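Participant: Chains as they are written, first to last, in the numbering used here: chain A, 1 to 194; chain B, 1 to 194; chain C, 1 to 194; chain D, 1 to 194.
What you were told as hints is all true, and nothing was included just to trick you.
Note that the list lumps identical chains together, so a pair holds whenever it fits in one copy or between two copies.
Calculated cross-link-like contacts (lysine to any residue; reagent style SDA-like; alpha-carbon spacing at most 20 Å):
#1 Lys-147 with Ala-116
#2 Lys-3 with Gly-131
#3 Lys-145 with Trp-76
#4 Lys-3 with Leu-64
#5 Lys-138 with Ser-124
#6 Lys-145 with Gly-72
#7 Lys-3 with Arg-68
Derived from the structure by calculation, the hints contain no laboratory data.
Here the structure is a predicted model, which is why all the values come from computation and not from measurement.
Protein chains: 4
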Amino acid sequence: MGKGRLEAFSDGVIAILITIMVLEMRVPIGAELEALRPVIPVVLSYVLSYLYLGIYWNNHHHMLQTVRRVTGPMLWANLHLLFWLSLVPFATEWLGTNHFAAVPSALYGVVLLMAAIAFYILRSTIVASQGKDSLLRKAVGRDWKGKLSPVVYLIAIPAAFWSPRVSQALYVLIALVWFIPDRRIEGVLGQQED
Amino acid sequence: MGKGRLEAFSDGVIAILITIMVLEMRVPIGAELEALRPVIPVVLSYVLSYLYLGIYWNNHHHMLQTVRRVTGPMLWANLHLLFWLSLVPFATEWLGTNHFAAVPSALYGVVLLMAAIAFYILRSTIVASQGKDSLLRKAVGRDWKGKLSPVVYLIAIPAAFWSPRVSQALYVLIALVWFIPDRRIEGVLGQQED
Amino acid sequence: MGKGRLEAFSDGVIAILITIMVLEMRVPIGAELEALRPVIPVVLSYVLSYLYLGIYWNNHHHMLQTVRRVTGPMLWANLHLLFWLSLVPFATEWLGTNHFAAVPSALYGVVLLMAAIAFYILRSTIVASQGKDSLLRKAVGRDWKGKLSPVVYLIAIPAAFWSPRVSQALYVLIALVWFIPDRRIEGVLGQQED
Amino acid sequence: MGKGRLEAFSDGVIAILITIMVLEMRVPIGAELEALRPVIPVVLSYVLSYLYLGIYWNNHHHMLQTVRRVTGPMLWANLHLLFWLSLVPFATEWLGTNHFAAVPSALYGVVLLMAAIAFYILRSTIVASQGKDSLLRKAVGRDWKGKLSPVVYLIAIPAAFWSPRVSQALYVLIALVWFIPDRRIEGVLGQQED
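Construct the complete structure from the given sequences, taking the supplied hints into account.
Facilitator: Quick look at the structure:
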């Protein structure tokens, strides 16, 4: 079974999610510069979510390069990941329209945490399907980013009730940590080609 | 005529349907945990419909693997299936916003029943185009799932007027029955490769 | 220049248009069967537009099979066609929410007429690029459907102001005429392969 | 790393943006011709933005033809371009619903300027990755259009506060300048094939 359709479907869903978020940005009433002010928190939360979805697309792209054969469990692990990513626009809009209040900040973290877990499950499913010489397992290595992110989300979620600013800062921090594309996989694939 | 464009178009429509359903989830007014309560039935109906669309995508994916040549009737049978699937977000939203009332529960079943019939028509069209040595016919075999589902929907639709809970439980049951990917087709294709 | 990206982009736009129309169907207030009544004209106009977009996708699919090399003018003629198709959801919603009134019926015809002209321009652009042995020119032949449709639209548009029912009947008629896929192209391509 | 997925993802996002803009066109209340009048500025701004997104898709298409190998920085430069393009529907709707007022006209220019800069960054990233014999660098040549556009936007943005008509005329002018597809790249690629 080829992986082309799995990639195309995932790309389609992520492309739609990224653009759906713009739809959530209600055009302000009035044509003055002042009218744009309430849109600012919405735009900021949009930028953060755009960055997160971009990171997921990027890492998904890299990870699937190591896949030769798509299995049934892989299809479902992928749909599971897309499910949590599909809740990002909802969480983003709730965060933006409430000016970064406590509960929306916590919910945003819950969605990120579930997506991180779903990504981990998908990766484990791929590694398991590749047997003990798994190319992806070698590429991933110690994976400090993948281990750090859920821990930080678990701190950020309760922290939102104490100080929403702190949990938002943690979400931005993790986005920046992941911003650099996953060179480990590129490295191992590069060696493979030699 | 290649099947690439048929697959890509179907993937596109299903990807959009899955993500459109999230758009239907109106962000609650207010930033407290309480505000999320009316969203819960909407989320639950979203999860069920996501599962159904995922199952259709999965089975569609498997079925088209046996296709070598796309014919005119196949294109229209496929568009007919996509038409009924495109009504899923509408039925889902009506179900969720009315807290699983009787008529929306019945309508949801009607949409599922029509989609099941459309899937059956598409499969018959493919089998007919493949002649008497049809790979798909062999793969499908006795097909107890495909025969069971419309029967259960036919029970669940009138049952909604008596007890919506019963018909909803039947929809969940059929979703779980289909959740396991169609190994029959994988099996026959695997033998083919030997 | 390959035609893959042109096909993928067109498929994407048509897939989105088909599914966007469902979004326009507002979920009724109330959970009784009665509540579905005002939705009926919206659903009927949706079915007609779904059929039209399906026909365009189908014919587009057939036409591009004869294309070897995509040129700049072809890209723009294709975008021009997609522009008019993108107005179909708007015209459909206006038609459905006004219960098939006169002006929306006429506007619907204008959009169909412009799409038919755009399709004709795209086909001429492709034929011109293929030189005098054009495969597409041979496949199209006398093209009575392509000549009939704009004439009927030109009758249906003013007829809407006299009797909207007549113009709607004409739109349904043309949809049914086109419903049969373009076997002429399939025929010539089939001979080609021999 | 192949470029297929990068192209497919970009096509998906641009296809969605083009069709999302139609969603913004609210169907008028009432079924008379008069009711269409307030929709006219919305349609005009839609046509202009459709043209701009078509131009970007076209140039993106041409530019990626020179790419052999997709790198990490290229993925992010591409996502950065898509981010600014994703703000086009928002700017378009604000422009159209306010009948081309001053601040929305200026904001529209800001989004166009940022997209032009993002396109320049993506092109530079591709040229840098291709080394000193870059095919794209040769194809681009002196690039008077790419240099003219941001300068004109920089004039049009402040001009909006003095006369919105002038800045709108400048946006239309640049759209027309770009309307002709980038024959320079086609030219160099053509020579390559010889």
